[in-house]
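**Q** Work out the full structure: start from the sequences and follow the hints.
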Amino acid sequence: MLLIRCPYCEEERPELEFRNAGEAHIARPTNIAAESDDDFEKFFFIRANPKGVIYERWRHIHGCARFFNAVRDTVTDKFVMTYKAGEPKPAKLPGAAK
Amino acid sequence: MKKYSVFAIAREAMRGHKGWEEQWTSPEPKKEYDVIIVGAGGHGLATAYYLASEHGITNIAVLEKGWLGGGNTGRNTTIIRSNYLYDESAGIYDHALKLWDGLSQELNYNVMYSARGVMMLAHNVHDVQVFKRHIHANRLNGIDNEWLTPEQAKEFCPPLNISKEARYPVMGAALQRRGGTARHDAVAWGYARGASARGVHIIQNCEVTGIKRAANGAVSGVETTRGFIGAKKVGVVAAGHSSVIMNMAGVRMPLESYPLQALVSEPIKPVVPCVVMSNTVHAYISQSDKGELVIGAGTDQYVSYSQTGGLHILQHTLDAICEMFPIFTRMKMLRSWGGIVDVTPDRSPILAKTPVKGLYVNCGWGTGGFKATPGSGNVFAHTIAKDEPHPINAPFTLERFRTGRLIDEAAAAAVAH
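Here the protein sequences line up with chains A and B, keeping their order. Taking our numbering, the leading residue of the first sequence gets 1, the next gets one more, and so forth. Taking our numbering, the leading residue of the second sequence gets 99, the next gets one more, and so forth.
The hints are simulated quantities; they were obtained by calculation from the structure and are not laboratory data. Among the hints, erroneous ones may be present.
If the Cβ cut is set under 7 Å, some of the chain A residues that face chain B in the computed set are [unchecked claim]: (1) M1; (2) N20; (3) D37; (4) E41; (5) F45; (6) I46; (7) R47; (8) N49; (9) K51; (10) I54; (11) T74; (12) V75; (13) D77.
Derived coverage of chain B by chain A (criterion: at least 3 residues anywhere in the stretch with Cβ under 8 Å from a Cβ of chain A; other residues may be distant) [unchecked claim]: (14) 344–357; (15) 495–501.
In this text, a Cβ means the ideal position worked out from N, Cα and C, and glycines have one as well.
**A** As structure tokens, then:
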């Protein structure tokens with residue numbers, strides 16, 4: 001079971017309190033009806049699914065109930081960091097080579 | 099290839115078992131092949147086997163980064179059935195089921211296919227309605243599936259608890275008698291032996307690190323940890339790593355990879371005569387010929403390549419098993435493991451040509467690919483050999499996520515994903 005730090009509650013809580021909400025930083029189109037089939041496919045179905053660092057959304061559903069973003073390594077399942085929803089994708093990850 | 103038979107066993111018994119040959123050879127990779135298959139699991143080996151046996155293409159390399167059959171082929175719960183809802187799914191899964199019947203004879207290798215019946219339990223009114231709809235749809239597609247009352251279900255599987263006092267009482271069950279189990283390792287080994295005997299090169303410990311494309315965009319070969327290997331046609335059959343491999347050719351996939359766990363108990367005398375599945379309490383169980391209860395759990399909720407999952411997932415599954423079979427509450431579990439399954443948005447596989455000429459993909463089998471192994475390899479071999487899909491896999495395109503022509507088994511599969 002993962003131990004996840006909620007950036008709002010500011011503490012690490014067990015995975016059972018959280019719900020994974022898929023890949024982060026996918027912007028919903030402002031005018032979805034005008035999207036081409038290609039763009040809709042990219043937005044709705046295509047996923048990065050990386051082997052390595054993933055940017056993903058979590059929801060602290062049995063806690064503060066808020067969505068936030070996390071950076072995690074999908075090989076080790078170790079979290080690199082978590083940050084609040086709406087904050088930009090971190091340019092540099094803590095611990096990453098300079 | 100020496101034929102396996104009772105006479106071969108007798109002959110070898112007389113001479114100290116010195117005459118058995120290797121089941122497949124381990125050649126050095128050549129500079130170029132007609133076809134390269136990435137991934138030596140059941141589906142990849144079956145593809146190579148049918149390319150050789152049905153399409154006369156034998157200049158093939160099957161590349162495997164680990165060992166043969168060491169991925170999901172060796173990690174699943176070996177359940178075989180074809181009672182899917184939609185026509186497209188029924189077509190491909192029943193094609194596989196028909197090949198399972200007779201596969202041991204065809205391969206001259208005992209894959210231990212046992213049509214012991216797959217029984218799916220209904221625990222509420224919705225389950226009853228859905229299963230009856232399945233039964234009618236299956237029958238229209240010529241696939242056997244029948245409705246059982248709780249009493250008939252208990253007769254078919256005596257240790258089942260059908261008490262009305264249960265938290266989720268059994269209200270009936272759908273039974274596919276042709277469904278059952280097979281020996282997963284033997285499937286990979288049998289196809290490997292058959293392919294190798296026809297000249298296919300199976301190259302283990304050879305990881306694909308890149309896909310090379312010629313100036314016109316077509317595939318020209320693969321970079322591997324053992325050097326460049328040329329080929330005009332490359333078939334990617336890499337299960338949980340499919341999107342990683344496809345990215346090497348610049349093709350982004352509608353896939354996400356999740357851990358899926360299974361576990362086995364200590365071995366006991368025969369007690370579960372069939373496969374029992376339950377969507378609502380979420381567990382499935384059968385008993386291996388060694389006597390272990392083979393139990394399948396659900397996926398974890400997050401993308402991972404770790405081949406391990408959360409303990410609470412297993413605990414939840416065992417809660418369900420104890421609910422269905424109170425007699426197992428004091429059983430000990432011996433070991434558990436995880437595999438990485440590649441899941442598509444509509445929970446149906448992709449077996450298709452890709453936007454890259456000469457690149458083919460067979461992926462997205464999610465949590466239920468083992469049952470399809472022979473059928474998947476058979477139609478994928480056709481797709482590669484003819485450069486066009488077999489009518490059975492024609493609907494399972496990559497383009498369906500753009501056109502919207504989904505095969506939405508997400509809501510129709512036997513267990514929740």
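**Q** What hints, given by number in increasing order, does this structure fail?
**A** Violated hints: none at all, because every hint is consistent with the structure.
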